[in-house]
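Whenever a hint applies, use it, and build me the whole structure from the sequences.
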Amino acid sequence: MTAAAFLAQSDAAQLRVLVGLRGVGVAVASVILHFGHPGRYPIYDVRVRTALRRMGDPRQRFPPTAAGWAAYAAVLRGIGPRHHVSLRTLDKALWRLRRLAERRARAKPAERACATLALLREMRKRTDAFIHSGRVGR
30 MTAAAFLAQS DAAQLRVLVG LRGVGVAVAS VILHFGHPGR YPIYDVRVRT ALRRMGDPRQ
90 RFPPTAAGWA AYAAVLRGIG PRHHVSLRTL DKALWRLRRL AERRARAKPA ERACATLALL
150 REMRKRTDAF IHSGRVGR
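Counting from 30, one number per residue, gives the positions in the sequence shown under the working numbering.
Derived from the structure by calculation, the hints contain no laboratory data.
Hints may be right or wrong, so weigh each one.
Listed next, the in silico SDA-like pairs over lysine to any residue satisfying Cα-Cα at most 25 Å (straight line) [to be verified]: (1) Lys154 <-> His113; (2) Lys121 <-> Gly68; (3) Lys121 <-> Arg133; (4) Lys154 <-> Ala95; (5) Lys121 <-> Ala134; (6) Lys121 <-> Asp157; (7) Lys121 <-> Leu149; (8) Lys121 <-> Gly54; (9) Lys121 <-> Ala56; (10) Lys154 <-> Leu129.
Pair by pair, the computed Cβ-Cβ distance ranges are [said to hold, decoys possible]: (11) Pro92 <-> Arg117: 16 to 26 Å; (12) Asp157 <-> Val57: 36 to 46 Å; (13) Arg117 <-> Ala158: 12 to 22 Å; (14) Arg51 <-> Arg150: 45 to 55 Å; (15) Val57 <-> Ala147: 11 to 21 Å; (16) Ala42 <-> Asp157: 38 to 48 Å; (17) Arg155 <-> Leu50: 38 to 48 Å.
Here a beta-carbon is modelled for each residue, glycine too, at the ideal position from N, C-alpha and C.
Pasting the structure below:
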């Protein structure tokens, strides 16, 4: 069945084949596709979807359907190359960004300010390291 999924013509059709298996939903099917071809298929994750909505069009919901997942995958595939990162790196960064936002929302104002400053420092450190690594523009 997995082989049939990878032979299907479109992303939505590939996901539909896997969702047809008993006990397999959109999230699990996306994980199967991801581990078959990590550079092509993102993992369908609620935190990443929420981060994407907050960054872009809040009306874009990416419903848990084959078409919703295909749209979600297309958006992530468009963002990754613009920022010179792999699909998996983008996926993990968006997941972490949303998780940090959830933690900050539960924190007290003073803790939130400290967490935000720490996040900004870390982002600057990583950006500087990336720029100095020589990988920019590749």
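Original post:
Quick check: which numbered hints come out false for this structure?
Top reply: 4 and 15
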